[in-house]
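Asker: Chain order of the listed sequences is Z and F.
As numbered in our numbering, residues 169 to 258 make up the first sequence, in order.
As numbered in our numbering, residues 20 to 126 make up the second sequence, in order.
Honestly, the hints are just simulated from the structure, not real lab data.
Even glycine gets a Cβ: it sits at the ideal position worked out from N, Cα and C.
One should not assume that every hint holds.
[Unchecked claim] To spell it out: a stretch of chain Z is covered by chain F in this simulated footprint if at least three of its residues, at any positions, have a beta carbon under 8 Å from a beta carbon of chain F; those stretches are: (1) 204-215; (2) 249-257.
[Unchecked claim] Straight-line C-alpha distance at most 20 Å; calculated PhoX-like pairs for lysine-lysine: (3) K39/F x K58/F; (4) K70/F x K220/Z; (5) K58/F x K253/Z.
[Unchecked claim] Over 10 Å on every C-beta distance to chain Z, these chain F residues come out as not near it, computed from the model: (6) A34; (7) K36; (8) T40; (9) K58; (10) E61; (11) E93; (12) K96; (13) I98; (14) R99; (15) V100; (16) I105; (17) R106.
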Amino acid sequence: MKRKNKKFQKKGSSSLNKLSLFQRNDGKFSKKCPLSIKNAPVVDYKNIALLKKYVSDNGKIVSSKITSVSYSKQKKLTREIKKAKILGLL
Amino acid sequence: MAFYENTIVAKQDLADKELKTLKEKYNEIINKTSGKVIKIEEWGFLNLATKIKNYKKGFYIHYKFEGNNNTLNEIEKKIRVDGSVIRHLTVKYKKLDTENEFFSKKT
Chain Z
169 MKRKNKKFQK KGSSSLNKLS LFQRNDGKFS KKCPLSIKNA PVVDYKNIAL LKKYVSDNGK
229 IVSSKITSVS YSKQKKLTRE IKKAKILGLL
Chain F
20 MAFYENTIVA KQDLADKELK TLKEKYNEII NKTSGKVIKI EEWGFLNLAT KIKNYKKGFY
80 IHYKFEGNNN TLNEIEKKIR VDGSVIRHLT VKYKKLDTEN EFFSKKT
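Chain Z with its partners taken away, still in its complex shape:
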């Protein structure tokens, strides 16, 4: 039951002094979703400037773990990116 002590742990330890690679990285990935805020940009296959941010150089879709996009928006993103790829825009 280590999870219950989460608050206590956060105070003392930074994200750097963890024991193993697979330990949860508290604090580091707690960014809020950039597409769910007020006046967020439209996720659409025509909005290529936005979609390019979420695609790697090789054309892969970047995982939401890295970009901290919420689950529903990530689903929408993948759909729109695939549409853009059909048209040869991305």
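Knowing the structure of chain Z, use the given hints to seat chain F on it.
Answerer: Coordinates of chain F only, in the frame set by chain Z:
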């Protein structure tokens, strides 16, 4: 009746006249088959991300229209036979926003 968006990617080596006829051809097809064109956008020549049928550039024409099953079937049929269209995409929307233009000519 529902709202749709249709995008056509035409070949690079077409003359201006041919592009105009292509644009009006699909405009007529939509209007004839119980549909209604709301807006036509021309995105112009854009670079393709990857080579498609050995073309590096394509001419993009974008339709926003209202229609039904009949309209869609007719367009699909015509596009599939059309040799001057490389790729096409039709998307259904609940609402169309005609204000935002992501490919306006300022850039």
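Asker: Could you run down the list of hints and mark each one as holding or not?
Answerer: Evaluation of the provided hints:
1. Counting residues of the region 204-215 of chain Z whose C-beta sits closer than 8 Å to any C-beta of chain F gives 5, which meets the bar of three, so the coverage hint holds.
2. As drawn, the region 249-257 of chain Z meets chain F at 6 residues by the rule of a beta-carbon pair under 8 Å; at three or more, the given contact holds.
3. Annotation: proposed proximity of K39/F to K58/F holds, straight-line Cα distance about 15 Å (limit 20 Å).
4. A threshold of 20 Å between alpha carbons decides the hint, and for K70/F with K220/Z the separation of about 18 Å falls inside it, so the pair holds.
5. Distance check on the hinted pair: K58/F and K253/Z sit about 23 Å apart at the alpha-carbon level, beyond 20 Å; violated.
6. A cut-off of 10 Å between C-beta atoms confirms that A34/F is not in contact with chain Z; the least separation is 22 Å.
7. With a least beta-carbon separation of about 24 Å from chain Z, K36/F lies farther than 10 Å from that chain, consistent with its non-interface assignment.
8. The beta carbon of T40/F is kept farther than 10 Å from every beta carbon of chain Z, the shortest such distance being approximately 22 Å.
9. Under the 10 Å C-beta cut-off, the non-interface status given to K58/F relative to chain Z holds; the minimum distance is some 13 Å.
10. Residue-level check passed: E61/F sits 13 Å from the nearest beta carbon of chain Z, beyond 10 Å.
11. Chain Z leaves E93/F outside its interface by the beta-carbon criterion, the shortest separation being 21 Å against a cut-off of 10 Å.
12. No beta-carbon of chain Z is positioned within 10 Å of the beta-carbon of K96/F; the least distance is around 19 Å.
13. The claim that I98/F lies off the interface holds: its Cβ sits roughly 13 Å from the closest Cβ of chain Z, which is beyond the 10 Å cut-off.
14. Consistency note on R99/F: stated as away from chain Z, and its beta-carbon is indeed over 10 Å from all of that chain's, at 15 Å minimum.
15. With a least beta-carbon separation of about 19 Å from chain Z, V100/F lies farther than 10 Å from that chain, consistent with its non-interface assignment.
16. Listed as a non-interface residue, I105/F fails to keep its Cβ farther than 10 Å from every Cβ of chain Z; the least gap is roughly 8 Å.
17. The claim that R106/F lies off the interface is violated: its Cβ sits roughly 6 Å from the closest Cβ of chain Z, which falls inside the 10 Å cut-off.
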